[in-house]
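Chains as they are written, first to last, in our numbering: chain A, 1 to 468; chain B, 469 to 936.
Just so you know, not all the hints are guaranteed correct.
What the hints assert, rightly or not - The calculated label-pair distances, taken between Cβ atoms and stated as ranges, are:
no. : chain 1 : residue 1 : chain 2 : residue 2 : range
1   : B       : Pro583    : A       : Glu289    : 44 to 50 Å
2   : A       : Gly23     : B       : Glu729    : 40 to 46 Å
3   : A       : Ser58     : B       : Pro634    : 24 to 30 Å
4   : B       : Gly553    : A       : Ser58     : 18 to 24 Å
5   : B       : Glu729    : A       : Gln48     : 19 to 25 Å
6   : A       : Glu463    : B       : Arg597    : 41 to 47 Å
7   : B       : Thr497    : A       : Gly85     : 40 to 46 Å
8   : B       : Lys638    : A       : Ile161    : 50 to 56 Å
The set of hints was computed from the structure by calculation and includes no laboratory data. This one's a predicted model, so the numbers in the text were calculated from it and none came from an experiment. Even glycine gets a Cβ: it sits at the ideal position worked out from N, Cα and C.
Protein chains: 2
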Amino acid sequence: MNNDSSLQITAKLKAIISSSAPGTRLPSTRSLVNEFHASPVTVQKALQTLTMQGLIESRPGIGTFTRTQAVSRPADYSWQSTALGSARTRRTSAASPLTGPNGDSLALHHGYPEPELLPSRLVRAAINRASRSETALTCPPAGGLADLQTWFARELAEQTIGAVTPPNAKDVIIMPGSQAGLSSIFTSLVGAGQPLIVESPTYWGALLAAENAGVELVPVSSGPHGPDPHELSKAFERSGARMFYAQPNYANPTGAQWGVELKGQVMDVVRQHSAFLVEDDWAHDFGIESSSAPIAATDDSGHVIYIRSLTKSVSPSLRVAAVIARGPARDRILANTAAEAMYVSGLLQAAALDVVSQPGWKTHLRTLRSQLQSRRDLLISGLYDAVPEAQLELIPKGGLNLWLRLPEHIDLKRLTLDCAQSGLSIAGDVNWFPAEPTGKYLRLNYAGPRPSEYHDAARILGEALHSQ
Amino acid sequence: MNNDSSLQITAKLKAIISSSAPGTRLPSTRSLVNEFHASPVTVQKALQTLTMQGLIESRPGIGTFTRTQAVSRPADYSWQSTALGSARTRRTSAASPLTGPNGDSLALHHGYPEPELLPSRLVRAAINRASRSETALTCPPAGGLADLQTWFARELAEQTIGAVTPPNAKDVIIMPGSQAGLSSIFTSLVGAGQPLIVESPTYWGALLAAENAGVELVPVSSGPHGPDPHELSKAFERSGARMFYAQPNYANPTGAQWGVELKGQVMDVVRQHSAFLVEDDWAHDFGIESSSAPIAATDDSGHVIYIRSLTKSVSPSLRVAAVIARGPARDRILANTAAEAMYVSGLLQAAALDVVSQPGWKTHLRTLRSQLQSRRDLLISGLYDAVPEAQLELIPKGGLNLWLRLPEHIDLKRLTLDCAQSGLSIAGDVNWFPAEPTGKYLRLNYAGPRPSEYHDAARILGEALHSQ
Chain A
1 MNNDSSLQIT AKLKAIISSS APGTRLPSTR SLVNEFHASP VTVQKALQTL
51 TMQGLIESRP GIGTFTRTQA VSRPADYSWQ STALGSARTR RTSAASPLTG
101 PNGDSLALHH GYPEPELLPS RLVRAAINRA SRSETALTCP PAGGLADLQT
151 WFARELAEQT IGAVTPPNAK DVIIMPGSQA GLSSIFTSLV GAGQPLIVES
201 PTYWGALLAA ENAGVELVPV SSGPHGPDPH ELSKAFERSG ARMFYAQPNY
251 ANPTGAQWGV ELKGQVMDVV RQHSAFLVED DWAHDFGIES SSAPIAATDD
301 SGHVIYIRSL TKSVSPSLRV AAVIARGPAR DRILANTAAE AMYVSGLLQA
351 AALDVVSQPG WKTHLRTLRS QLQSRRDLLI SGLYDAVPEA QLELIPKGGL
401 NLWLRLPEHI DLKRLTLDCA QSGLSIAGDV NWFPAEPTGK YLRLNYAGPR
451 PSEYHDAARI LGEALHSQ
Chain B
469 MNNDSSLQIT AKLKAIISSS APGTRLPSTR SLVNEFHASP VTVQKALQTL
519 TMQGLIESRP GIGTFTRTQA VSRPADYSWQ STALGSARTR RTSAASPLTG
569 PNGDSLALHH GYPEPELLPS RLVRAAINRA SRSETALTCP PAGGLADLQT
619 WFARELAEQT IGAVTPPNAK DVIIMPGSQA GLSSIFTSLV GAGQPLIVES
669 PTYWGALLAA ENAGVELVPV SSGPHGPDPH ELSKAFERSG ARMFYAQPNY
719 ANPTGAQWGV ELKGQVMDVV RQHSAFLVED DWAHDFGIES SSAPIAATDD
769 SGHVIYIRSL TKSVSPSLRV AAVIARGPAR DRILANTAAE AMYVSGLLQA
819 AALDVVSQPG WKTHLRTLRS QLQSRRDLLI SGLYDAVPEA QLELIPKGGL
869 NLWLRLPEHI DLKRLTLDCA QSGLSIAGDV NWFPAEPTGK YLRLNYAGPR
919 PSEYHDAARI LGEALHSQ
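Looking at chain A on its own, in the form it has when it is part of the complex (with noise of 0.2 Å):
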């Protein structure tokens, strides 16, 4: 006896329940088996659908009825269980970074800007003119508008060096989001079961992402200069593996910047192994004491894939990147975003592209640059003031956060809560390691509300430290 019996059966009994009054007692499973010449499990079957459906209900040792009256069961969703079997993703989905700041809080633990220093007086006239403008009803091409595509062309274009034949239009992709760009990456270019290689530590949501995508994490060591690239050439080796995604701008935690020289180094190895950098150019807007100088304006080989958003520094709202490829790994991450994605709002699209494409832009991003500094250095005088056993072992000269070691003996976790209490937000529950954390550290986002009180979040934070 098959399930397709088990549905005659289900039918039938239906038949029956929809022509008699409610509590009427069902024939027991023995008569049903005979019946319709079915198995006891068969039938049992067919019984536990009608029950989970709400139409019949079993009274142990007495027998089977029709219901009496509709039921509010609690729900049970155990049966998905078996069908889903054990889940991939096991690293937090909805980590703290991207939790915004929570009413009165101070909050050193967010991702992004606050609005405080967004272009808000553009970002809104953009929006405005854009909901007037044919994007606010159509359609636009999988890659991109094409007037965005060539805008983050020319930026990366104009950065170009030497003989490097620079980028065009077609080379962009634009993406909802840096976070889709790097899913795309991962899963079209890398693959389920295959290496990757990442800096230890590195971004929260690369790793997210490339967990998501399947893919085997290999880590290489980069602290406040950059990873050295003996090490990363040995990894390729030894892993076989054809990417590295990296952040040579401001990383994001440790806010390392590489020299020109590892630069150079990197992609020596990178070239050497056929392989590509995936540089993450996430802080392109976030220059204090330096610029971001793209290791992809130096390549026109397609060995590295640049990618960069707009998110953070215009707006969340206006969520929008740009990934730069050539060649056929151009086509797989456009294939991939299709099927993904479709396309990116152009609403979305013509907004952004007016927001940048105004003077005020550069004007912003001038303010932006020394205010910046003033909240990075008010943090970390504040730092040195309350919490002197905390190691700041590079002073970022770009990006939106410190990347703080603390003593080894210390509890994270518990920090985190203690520190929640008294109205701080820090972020000890996220892991910016592929592998194991090597000692104890803190990312403290100097962009987000009220610096004027920065002084008063490291005192408490070192209040926290010292409970322990």
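Once you have looked at the hints, place chain B on chain A.
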């Protein structure tokens, strides 16, 4: 000798090159082998790297020289083929239903309603209001704006019947379009190499997402009245699948709407196999002579995963969809979405919610219903006159498409080209079948521009057909 040595040689040669005049001859490979105590292969690798960087050039039979001047080289990305291996997705990604109407040509190929059929005044006003709201500058929660989640939950709750517990706001996950929803569901709940049952024919975008996720397609034939539940049951048994993707209301492309009895039978089969039904309610707002009656409204046991997009009915620019799921399935979809996209622009969410909350939205839908009816009937009458040999198995009670069967001898690609030459766009190059197409079918969309010329469109199609 390993790549690490090659790296050292590259570095040393770079030092030599930088201190030499352009056109300087480098030492021979043999002397470099001796100098660096390296193998010839290692030295060759170093020279190749420098050549690719444009620093040296080799003149066959003469020697290797530092570059005299920057030379524009033709791009060579062939190394990527080795690095990437063979591609996974073979289905055309930038398929024609996404291509917008092309200037002056008549378009029956597009998948989206033309701007004429959209609530354009409501959309522009909503975006404008959203530009002034907090959502223009902030980052929404990963699951979506609470008010929009509530709206989607309530819409489905209003259709639930009998003793079914309606969904709540937390069961709703806001997605950047239904394509992202499908991709996320197939990736996180089925997974690469695992079976997924689909109707045949079915939505090409779903096939694309499934193929991109690497799932194994299990087709179940589905005609003008939907699939045979006994065949469906057998497909579950044979394949061991745990999921059935279907469009019970106004299926794209066939236009089929399942009867109430079939909906119940399919749910019985799905429950008996402890499986999921992914119900794609893509045409919820496009009822003509009936309304979309979601199966999700009859289930509270977590067996139905419901997808409902506003992209097609509100605006392609407000790319917002909802997935409603319960139990662990919901958690996995949310984790996957967070890993792939982080969040959906709060601006788009706020604007979409604004539109569907206006009294004008209901009025718009009533007008749209009669517009779709007259367009559908106009196209049908044109086809009856000009293409009598084409067979329309079903006059759809909703949706945006006619599903036309053409004589077996027709070459669809040639037909598409011939029509294009006469100024009519049709999508004869799209494959709606998970396996081989079982006939020569054409999907004709009656929501494109210039319905007054549908008779001309039918005439062009007829002439192109008769020429074969």
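Verification of the supplied hints:
1. Taken as a hint, the range 44 to 50 Å holds for the pair Pro583/B and Glu289/A, whose Cβ atoms sit roughly 49 Å apart.
2. At roughly 26 Å, the beta-carbon separation of Gly23/A and Glu729/B lies outside the given 40 to 46 Å, and the hint is violated.
3. Range check, Ser58/A to Pro634/B: about 26 Å between beta-carbon atoms, so the 24 to 30 Å window is met.
4. Between Gly553/B and Ser58/A the beta carbons are some 55 Å apart, a value that contradicts the proposed interval 18 to 24 Å.
5. Separated by about 21 Å at the C-beta atoms, Glu729/B and Gln48/A satisfy the suggested range of 19 to 25 Å.
6. At about 45 Å, the beta-carbon gap between Glu463/A and Arg597/B stays in the expected band of 41 to 47 Å.
7. The hinted range of 40 to 46 Å is not satisfied by Thr497/B and Gly85/A, whose Cβ atoms lie roughly 55 Å apart.
8. Between Lys638/B and Ile161/A, the C-beta spacing of about 52 Å keeps the proposed range 50 to 56 Å intact.
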